[in-house]
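J.: Listed here are the chains, written in short residue letters.
Protein chains: 2
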Amino acid sequence: MIVGAGFGGLSATTALAHAACDVTVIDRHNYHLFQPLLYQVATAGLPPSDIAWPIRSILHRQRNAVVLLGEVVGVDVGAHRVRLRDREIAFDYLIVAAGATHAYFGHDDWRPHAPGLKSVDDATQIRRRILTAFEAAEMEQDPERRARLLRFAIVGAGPTGVELAGTIAELARFTLAADFRRIDPRSAKVMLVEAGPRVLATFAQRQSQYAQRALEKLGVEVRVNSAVTACDAEGITIGGERVSTATVLWAAGVAAAPVGAWLGAATDRAGRVKVGPDLAVSTDPAIFVIGDSALVETAAGRVPGVAPAAKQQGRYVAAVIARRLLAQPAPPPFEYRNAGNFATIGRARAVIEFPFLTLRGWLAWWFWGVAHIYFLLGVPSPLMVSLRWLWEYLTYGRGARLITGAEDAD
Amino acid sequence: MIVGAGFGGLSATTALAHAACDVTVIDRHNYHLFQPLLYQVATAGLPPSDIAWPIRSILHRQRNAVVLLGEVVGVDVGAHRVRLRDREIAFDYLIVAAGATHAYFGHDDWRPHAPGLKSVDDATQIRRRILTAFEAAEMEQDPERRARLLRFAIVGAGPTGVELAGTIAELARFTLAADFRRIDPRSAKVMLVEAGPRVLATFAQRQSQYAQRALEKLGVEVRVNSAVTACDAEGITIGGERVSTATVLWAAGVAAAPVGAWLGAATDRAGRVKVGPDLAVSTDPAIFVIGDSALVETAAGRVPGVAPAAKQQGRYVAAVIARRLLAQPAPPPFEYRNAGNFATIGRARAVIEFPFLTLRGWLAWWFWGVAHIYFLLGVPSPLMVSLRWLWEYLTYGRGARLITGAEDAD
Chain A
1 MIVGAGFGGL SATTALAHAA CDVTVIDRHN YHLFQPLLYQ VATAGLPPSD IAWPIRSILH
61 RQRNAVVLLG EVVGVDVGAH RVRLRDREIA FDYLIVAAGA THAYFGHDDW RPHAPGLKSV
121 DDATQIRRRI LTAFEAAEME QDPERRARLL RFAIVGAGPT GVELAGTIAE LARFTLAADF
181 RRIDPRSAKV MLVEAGPRVL ATFAQRQSQY AQRALEKLGV EVRVNSAVTA CDAEGITIGG
241 ERVSTATVLW AAGVAAAPVG AWLGAATDRA GRVKVGPDLA VSTDPAIFVI GDSALVETAA
301 GRVPGVAPAA KQQGRYVAAV IARRLLAQPA PPPFEYRNAG NFATIGRARA VIEFPFLTLR
361 GWLAWWFWGV AHIYFLLGVP SPLMVSLRWL WEYLTYGRGA RLITGAEDAD
Chain B
1 MIVGAGFGGL SATTALAHAA CDVTVIDRHN YHLFQPLLYQ VATAGLPPSD IAWPIRSILH
61 RQRNAVVLLG EVVGVDVGAH RVRLRDREIA FDYLIVAAGA THAYFGHDDW RPHAPGLKSV
121 DDATQIRRRI LTAFEAAEME QDPERRARLL RFAIVGAGPT GVELAGTIAE LARFTLAADF
181 RRIDPRSAKV MLVEAGPRVL ATFAQRQSQY AQRALEKLGV EVRVNSAVTA CDAEGITIGG
241 ERVSTATVLW AAGVAAAPVG AWLGAATDRA GRVKVGPDLA VSTDPAIFVI GDSALVETAA
301 GRVPGVAPAA KQQGRYVAAV IARRLLAQPA PPPFEYRNAG NFATIGRARA VIEFPFLTLR
361 GWLAWWFWGV AHIYFLLGVP SPLMVSLRWL WEYLTYGRGA RLITGAEDAD
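For the protein sequence lines, the chains are A and B, in the order given.
Sequential numbering from 1 applies to the first sequence in this note's numbering.
Sequential numbering from 1 applies to the second sequence in this note's numbering.
For the record, the hints were derived by calculation from the structure and aren't laboratory data.
Among the hints, a few may not be true.
To be verified - Label-pair restraints from in silico Cβ distances:
id: 1; chain 1: B; residue 1: G196; chain 2: A; residue 2: A20; range: 25 to 35 Å
id: 2; chain 1: A; residue 1: D22; chain 2: B; residue 2: T202; range: 26 to 36 Å
id: 3; chain 1: B; residue 1: A178; chain 2: A; residue 2: A339; range: 47 to 57 Å
id: 4; chain 1: A; residue 1: S244; chain 2: B; residue 2: C21; range: 32 to 42 Å
id: 5; chain 1: B; residue 1: A204; chain 2: A; residue 2: S187; range: 24 to 34 Å
id: 6; chain 1: B; residue 1: D92; chain 2: A; residue 2: G196; range: 20 to 30 Å
What the hints assert, rightly or not - Computed far set for chain B versus chain A, every beta-carbon distance over 10 Å:
id: 7; residue: Y31
id: 8; residue: R61
id: 9; residue: V67
id: 10; residue: G70
id: 11; residue: F174
id: 12; residue: A178
id: 13; residue: T283
id: 14; residue: T298
id: 15; residue: L402
C-beta: ideal position from N, C-alpha, C; glycine also.
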């Protein structure tokens, strides 16, 4: 039984294709989401269906896999049963790959004012807010209220925050520049607010400096050492300073899914479950936690919460289970192979860190693009996505600028 | 001032590009929707952004056009002002092209149980309901409830109803066939219910017979002379017979936008405003109504509510206004040039009626496809849409099978 069809859950599933077992995959959504490109949906560059594919169609050739659409609400650890909203399902082995969501550090009342970016619905909501702000500004007569509508604050300067800030700045400066008559979209202000001392804190200092300069060239105002102390419908407060803005996006914190509570297992402060060297929980060798839900410490240090790590863990746990089913000895403890660390800053600017190589600028961006096309090769119609990228790169277009859904649907 | 950026409003706007006037276009949405392909979104064949484009980007080169996102709630005819929710805007000439919505013949309580197909949000809601029904069936143990989930009823056998029924049948028989483990999607039942004596009533008898046979070959149960007398959360009643179904789609009736009430003008029973030979209302020569909002009687008969008619009317009214601004004589009364009538029945089956030519079958389907690509040429990235079509045609794929949005967002 595998809970979650993200990078971790899906790689575990496919790695078990030839094992002597049946695999049941449960997810709240009917699609696998390619999260590294979710910011492209939020900024109207790609339609959701270019980065999300039905789990069923990905697995339809794997005859030992059953896909169920359902929401897990708990686990009966003693009886080896997973609890869904309306039923329970028994398992022999359980792999929990339930991912993470955004966290507001105890300020859950900020949530409606500052949406985060984790799901397709998050992304279309953010897209709606960004586009609606420009539309409302075009209608607004009062200069102050218009300036507020054209101010965008992104909280948190990790890869997602940097990508959002850069892409929104480009949207305003290039894509929308000629589309309005009463406002000049190029006058929009994009502010990236970071509590820590630099952007892209997981990268080396030089990459942070490069990213900040690249953002500033795009007109983004980067505020480091600036913790947000209040957030409401009118704007945000940074230290003592009030910033009046209609659009606040949250890219600051993640919290693991409530897996610790389901399993009665110890977690760290972000809710990640502590697992052993074989990624099983300490209380039950048949229950594994992987990906963003897990806190994995190896000899080389703590494993980061990135897609390649989740995939490696999925394959590893599949091997552990497959060997146990054949009564073979367990593999050596999990080790993370660093697959590199990257972030893009809009069109043709990116930073990439491999263990022995660092790239910045347009070369990094193209490398990033080609690598993503390669990652996409496992999914339906990578050609379509690639063509669309190329098209939008060449035309500065953002083809998915639709305001859909009702605001009260949030 | 032009209300509505559908086929009529947009063609009037572009036809006024070189007239000595400013044009303001107001629409509730920020996109122009290519409605003839909306059923492809509802059945997961295309993502919304392939058939909807920002009005601003379509008009961004037309310097005399201003686009406003807003909802018209009335017209002050005497003062020549349009009322939006939060302001009023003055006009010299007004073109109302507000389109139509679906109608329930006085049974508005059926609306939540039987969504219609007029907007992008309608389409994604229908897509969610269809896909969710298959997912719920896979989880369902009880054979009767499972059969109910796998039964789909489409009410109304005009082009939209025929297209939906054919495409859902194909989705079940081909696209989803291998994706489930506990149910066989091919056992799904699609029922097309029509109160009148035949499907595609606006076509000649032979085309109706062909379409019905083609649907039946796809496994669709066609019920003509069958009026729906009740509709609730459990299913529909046809005459005395109860049909238990989880998914009812409404393609039976349209009603014009409430333009008659805005203008204090006489309408027919479907709410269409009666206009004169120059498409102006009888009470004010500076106010025109076109497209699905208008009832236009010409020497050749009543003009049908189709996209080519709306486009012709938009161009005609633009010419009337442009000439009046130049103090030139008015053009002769509006005449509708029949551009043909078509409907598709799934993959590679269609009927087309031109004044002097009728096509049926795969030749009609390809003709329809090529013609649509031609119609799309005026919009951004027709190449992308065409490639996607070809891809899905060749692979039987439906690439946009995402369940998004919350059910309570309806």
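J.: Confirm or reject each hint.
T.: Checked hints:
no.	hint	result
1	B/G196 - A/A20: 25 to 35 Å	violated (58 Å)
2	A/D22 - B/T202: 26 to 36 Å	violated (52 Å)
3	B/A178 - A/A339: 47 to 57 Å	violated (32 Å)
4	A/S244 - B/C21: 32 to 42 Å	holds (37 Å)
5	B/A204 - A/S187: 24 to 34 Å	violated (58 Å)
6	B/D92 - A/G196: 20 to 30 Å	violated (57 Å)
7	Y31	violated (5 Å)
8	R61	violated (8 Å)
9	V67	violated (8 Å)
10	G70	violated (7 Å)
11	F174	holds (12 Å)
12	A178	violated (5 Å)
13	T283	holds (29 Å)
14	T298	holds (36 Å)
15	L402	violated (5 Å)
Consistency note: the structure conflicts with the earlier hints numbered 1, 2, 3, 5, 6, 7, 8, 9, 10, 12 and 15.
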